[in-house]
Amino acid sequence: MALKITSLGRAEGLSERAVLRVTRTPLSDVASRRDHVLVIEQGVPDHGLDLSGYGAILVKDGPGAPVAAGHALPVIRLPDVAHLEAGHIVAVSPRSGFVRTVFRPESPHNTLFATGRCNSNCLMCSQPPKDEDDSYLVAENLRIIELIDRPPEALGITGGEPTLLGDGLVGVLSVLREKLPQTYVHMLTNGRRYRDSGFVRKLANVGHPAFVSGIPLYADVATVHDYIVQAEGAFDETVEGLYNAAEAGLAVEIRVVLHKQSVPRLVPLVEYIYRNFPFVTHVALMGLEHMGYVKKNWDTLWVDPVAYVAELTAAVRYLHQRRVNVSIYNLQLCLLPQELWGLAKKSISDFKNVYLPECEQCAVRSHCCGLFLSQMNRHSAHIRAM
Amino acid sequence: MRLDSATVLMTNDVGDHLILPRGEFDALVAHTLDTRSDRYHDLRAKNFVADDYGSVHARVLASRYRTKKAFLDGFAKLHIFVATLRCDHSCPYCQVSRQSEDRLKYDMTPEMARKGVDLMLRVPAPAVTCEFQGGEALLNFPLVQETIEYAVEQNQTMGKRIDFVVCTNLSTLSDEHLAYFARRNVKVSTSLDGPAFLHDRNRPFTKGSSHAVVERNIRRAQEALGLSQVSALMTATRESLKHPQAIVDEYLRLNLGSIFLRSLSPYGFAVKTQKSIGYTADEFLAFYKAALSHIIAVNRGGRTFSEAYASIILQKILTPFPVGYVDLQSPAGAGFGAVVYNYDGEVYASDEARMLAEMNDTSFRLGSLLENSYEEIFFGQRMQEIAAASCNEALAGCSDCAFQPYCGADPVFHYATQADMFGNRASSDFCRKNMGIMRHLFGLLGSGDSEIQEIFAAWISESSLTEARLPPAPWL
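Order-wise, the sequence lines are chains A and B. Residue numbers for the first sequence follow the working numbering, so the first one is 1 and each next one is one higher. Residue numbers for the second sequence follow the working numbering, so the first one is 1 and each next one is one higher.
None of these hints come from the bench; they were simulated from the model. Just so you know, even glycine gets a beta-carbon here, dropped at the ideal spot from N, CA and C. Careful: at least some of the hints might be erroneous.
What follows is a set of in silico ranges between Cβ atoms, one per label pair, in the way DEER data are often shown [claimed, not checked]:
hint, chain 1, residue 1, chain 2, residue 2, range
1, A, GLU146, B, GLU451, 55 to 63 Å
2, A, SER96, B, TRP475, 42 to 50 Å
3, B, ARG66, A, ARG378, 41 to 49 Å
4, B, PRO471, A, ASN377, 31 to 39 Å
5, B, TRP475, A, VAL309, 15 to 23 Å
6, A, SER96, B, GLU467, 51 to 59 Å
7, A, SER96, B, ARG469, 50 to 58 Å
8, A, ARG323, B, TYR65, 20 to 28 Å
Keeping only pairs whose Cα atoms sit at most 25 Å apart, straight-line, the calculated SDA-like set for lysine to any residue is [unchecked claim]:
hint, chain 1, residue 1, chain 2, residue 2
9, B, LYS69, A, PHE279
10, A, LYS346, B, LEU470
11, B, LYS160, A, PHE279
12, A, LYS345, B, PRO474
13, A, LYS346, B, LEU476
14, A, LYS179, A, ASN205
15, B, LYS69, A, TYR274
16, B, LYS68, A, VAL324
17, B, LYS68, A, TYR274
18, B, LYS68, A, HIS282
19, A, LYS260, B, ARG39
20, B, LYS69, A, TYR318
21, A, LYS260, A, MET286
22, B, LYS68, A, GLY249
23, A, LYS345, B, LEU465
24, B, LYS69, A, THR281
25, B, LYS68, A, ALA251
26, A, LYS202, B, SER63
27, A, LYS346, B, PRO471
28, A, LYS130, A, SER96
29, A, LYS345, B, ALA473
30, B, LYS68, A, PHE279
31, A, LYS345, B, PRO471
32, B, LYS68, A, PRO278
33, A, LYS345, B, TRP475
34, B, LYS68, A, TYR318
35, A, LYS260, B, TYR40
36, A, LYS202, B, VAL56
37, B, LYS69, A, GLU247
38, B, LYS160, A, GLY249
39, B, LYS68, A, VAL267
40, B, LYS68, A, ALA248
Looking at chain A on its own, in the form it has when it is part of the complex (with noise of 0.2 Å):
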């Protein structure tokens, strides 16, 4: 089962958004309580637990649920509250009671959500766009990462496109410099807005030490690349943008996803990649993922694995060859030669990975990427144990 990173729940006395950290034992500093919301799984805590200051309560609800009275603290009550950890960050909407774990510092894969905007329309969106105004999400983000208390290894940024938040983006970007400077920064970018090379060195004066955009290319000829993201006129605002960003001193992966439209150029793709824009870090090439609108685009999109095997060996090798920093994400290992495996990776985030009943009995399913929960019933017809 995937890990569960949503609830929803009743929220009383919360009159905005908030964002608060997890504690499941009563804090005894009063100042830091603000900051915390305090789960109390069991038992009643009116008796002699002081529950001043704490941001808010958050209690499992049900019949015999533990009763705040007397306190003017917002309440939050959730069905189930064993998933709420102590050192979890979670998001509280006010109205529909919707907790959302936005950082657990145990995880390797712990994002920021920086917008639901975007300015391109990929045919393969996992998380569609939303055109609405969701410019409080800087604020908030600014608040998780104030919140933070065990710096992580690693933690992106998503969307959404972020670099439409613009000078938001710079100043995210300049508190984790200064909050968290050990931390790697991941972020998924399309590159376009980085055609504005005054924005670039905004970006690269911050000086993160540690900071990398993962930029997607989908093929080596801009009117297939610009249908793939619905876009025209974004093939050459990326690769405008990835040359700013080299000149500027910023480091940038190259992404491509895998499916019907992308794979018939793939071969020509790397070496276009290799050829013209040699500072890359890392290329990763990536399954696809049923979600969003890959649901609407199944047959437009959709190719099994197995038959682009040859595709995928040939430009691997040729980026290997080339000493070419190169990944496989999403892909079983079933699907993939024995060659590939020492370079497919473990890619899919812990809250929506999962493994199909025939994968028990698999020699090698500690090693594999699994699924995507969203791909249990549409994935390729060639999973098998090993």
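Chain A is fixed; fit chain B onto it per the hints.
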């Protein structure tokens, strides 16, 4: 360029290449190629065609061109010091050496060497190579040592990376030499022409078998300095052409990582001996192909062993990067990439230029260490004239050759062989040899043999065949 009756090779100024069937090439020329076809996409992505869609071509081409010509950044990086002209060998193909024991006449003085170091450190490049040649450089080891010490000391405030190389026949190699080379990280480059019967025939030595000495001392140097610090190159005589396999096998036997298959240079004594040891460019090409074929077979057998000249050309074809090899560059390496400080304090544009000077032709003399300034030497009238003949993009016969992006200009060679720095490609051996080798390499690249791709990939990245293969999963 037609590679054969069925295929055409296309190249462009930034070094992209595409091998395509004749029919598709004809369709492109006739404007009938389907713009939705994969071939059209290939041509577009490799900068052979541009159309109304998109505007980023210029940015890509600018970046590629700047990258390809990046060897010009920092100016001349190879500084050759002729420590002495004296030598204990009397090779018939030798370009320059003297048997004389007259130290005063044929040794470089420390004062000259220091001037040379000063020039070397003034070049803007952050990394330079300081190479010692002869004659036999180790016959004047004190100068080699003094020069290196002076360079290291002066460089303390400059902070350049200096690679030191001593070209030597190893005949007088001592423990003292080795200890010093190890201390200062000096690389050793020697001459090995093949097995004893061939090497000793090519390289007569006053004190017995040259081969026995060089074999023993290659092993000593490898032991003391490490395998990668010791390299060798061969010069092919007419006799050598009969033994491509045996020559390669000798390099393998001595555990050398690569071989440089070199033809005779038309300079120095080699001109006089041309009749007895010389051959045509076509004869050399046949030898080269036979040796290369054997080398590829060795690699197929699992042993990483490269041919240096092929590696240089393949790097130019298969990577976007330039190669710092002065004999195959445009603008030519003479003066732009390399400079030679001769034993007598004269400064020449290349190693070949000083060999011409030994034949009393000082056409490529840039100045004097003791008399001229940096500006006078590197930007003087002589250098301007050489520069004018140094770009193959603008040479008749080169400018419309498909191999031009991977080839070079060699004004010194053409002056020596054709009495004209610009040269006539129709009768140029430089052209015939390089075109022959490139045509052969493109033939191998176009053969679709994935093992050859892997072997060449290892050569151009100077790594092992194992490294060129995909890494096994660590948990397997």
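Verification of the supplied hints:
Taken as a hint, the range 55 to 63 Å holds for the pair GLU146 of chain A and GLU451 of chain B, whose Cβ atoms sit roughly 56 Å apart. Look at SER96 of chain A against TRP475 of chain B: about 44 Å separates their beta carbons, and that is inside 42 to 50 Å. Taken as a hint, the range 41 to 49 Å holds for the pair ARG66 of chain B and ARG378 of chain A, whose Cβ atoms sit roughly 46 Å apart. For the pair PRO471 of chain B and ASN377 of chain A, the beta carbons lie near 34 Å from each other, so the given range of 31 to 39 Å is met.
Separation of TRP475 of chain B from VAL309 of chain A is about 21 Å and conforms to the stated range, judged on CB atoms against 15 to 23 Å. For SER96 of chain A and GLU467 of chain B, the hinted distance range of 51 to 59 Å is satisfied, since their beta carbons lie about 55 Å from each other. For SER96 of chain A and ARG469 of chain B, the hinted distance range of 50 to 58 Å is satisfied, since their beta carbons lie about 54 Å from each other. A C-beta distance of roughly 22 Å is found between ARG323 of chain A and TYR65 of chain B, which places it inside the suggested range of 20 to 28 Å.
Of the supplied pair hints, the one linking LYS69 of chain B and PHE279 of chain A holds, its CA atoms being roughly 17 Å apart against a limit of 25 Å. For the suggested pair LYS346 of chain A and LEU470 of chain B, the alpha carbons sit about 18 Å apart, so the restraint of at most 25 Å is met. Distance restraint check for LYS160 of chain B and PHE279 of chain A: the Cα-Cα separation of roughly 24 Å lies within the 25 Å cut-off, and the hinted pair is therefore satisfied. Using a Cα cut-off of 25 Å, the hinted pair LYS345 of chain A and PRO474 of chain B holds, with the two alpha carbons roughly 12 Å apart.
Taking the CA atoms of LYS346 of chain A and LEU476 of chain B, the gap is about 15 Å. The hint holds against a cut of 25 Å. Distance restraint check for LYS179 of chain A and ASN205 of chain A: the Cα-Cα separation of roughly 17 Å lies within the 25 Å cut-off, and the hinted pair is therefore satisfied. Using a Cα cut-off of 25 Å, the hinted pair LYS69 of chain B and TYR274 of chain A holds, with the two alpha carbons roughly 17 Å apart. Taking the CA atoms of LYS68 of chain B and VAL324 of chain A, the gap is about 18 Å. The hint holds against a cut of 25 Å.
A C-alpha spacing of about 14 Å is found between LYS68 of chain B and TYR274 of chain A, which places the hinted pair at or below 25 Å, so the restraint holds. Between LYS68 of chain B and HIS282 of chain A, the direct Cα distance comes to roughly 22 Å. Compliance with the 25 Å bound is thereby established for this hinted pair. Between LYS260 of chain A and ARG39 of chain B the CA atoms are separated by roughly 19 Å; this keeps the pair inside 25 Å, and the hint holds. The hinted pair formed by LYS69 of chain B and TYR318 of chain A meets the criterion: a straight-line CA distance of about 24 Å does not exceed 25 Å.
Restraint check for LYS260 of chain A and MET286 of chain A: the C-alpha separation of about 13 Å stays at or below 25 Å, so the hint holds. Among the hinted pairs, LYS68 of chain B with GLY249 of chain A is consistent with the structure: their alpha-carbon atoms are about 20 Å apart, no more than 25 Å. Taken as a hint, the LYS345 of chain A and LEU465 of chain B pair is honoured in the structure, with Cα atoms around 24 Å apart against an allowance of 25 Å. For the proposed pair LYS69 of chain B and THR281 of chain A, the alpha carbon gap of about 23 Å is at most 25 Å, so the pair holds.
Restraint check for LYS68 of chain B and ALA251 of chain A: the C-alpha separation of about 22 Å stays at or below 25 Å, so the hint holds. About 22 Å separates the Cα atoms of LYS202 of chain A and SER63 of chain B, which keeps this hinted pair within 25 Å; it holds. About 16 Å separates the Cα atoms of LYS346 of chain A and PRO471 of chain B, which keeps this hinted pair within 25 Å; it holds. For the proposed pair LYS130 of chain A and SER96 of chain A, the alpha carbon gap of about 19 Å is at most 25 Å, so the pair holds.
For the hint linking LYS345 of chain A to ALA473 of chain B, the alpha-carbon distance of about 10 Å falls within 25 Å, and the restraint holds. Simply put, LYS68 of chain B and PHE279 of chain A have alpha-carbon atoms about 14 Å apart, close enough for the 25 Å limit, and the pair holds. Proximity of LYS345 of chain A to PRO471 of chain B is assessed by CA-CA distance (about 13 Å); at most 25 Å being required, the pair is judged to hold. Annotation: proposed proximity of LYS68 of chain B to PRO278 of chain A holds, straight-line Cα distance about 12 Å (limit 25 Å).
Pair hint LYS345 of chain A plus TRP475 of chain B holds up; C-alpha atoms about 12 Å apart against a cutoff of 25 Å. For the hint linking LYS68 of chain B to TYR318 of chain A, the alpha-carbon distance of about 20 Å falls within 25 Å, and the restraint holds. With a C-alpha separation of about 19 Å, the suggested pair LYS260 of chain A and TYR40 of chain B falls inside the 25 Å cut-off, and the hint holds. Proximity of LYS202 of chain A to VAL56 of chain B is assessed by CA-CA distance (about 23 Å); at most 25 Å being required, the pair is judged to hold.
Between LYS69 of chain B and GLU247 of chain A the CA atoms are separated by roughly 17 Å; this keeps the pair inside 25 Å, and the hint holds. This hinted pair checks out: LYS160 of chain B and GLY249 of chain A have alpha carbons roughly 22 Å apart, not beyond 25 Å. As the CA atoms of LYS68 of chain B and VAL267 of chain A are separated by approximately 23 Å, the hinted pair is consistent with the 25 Å bound. Taking the CA atoms of LYS68 of chain B and ALA248 of chain A, the gap is about 20 Å. The hint holds against a cut of 25 Å.
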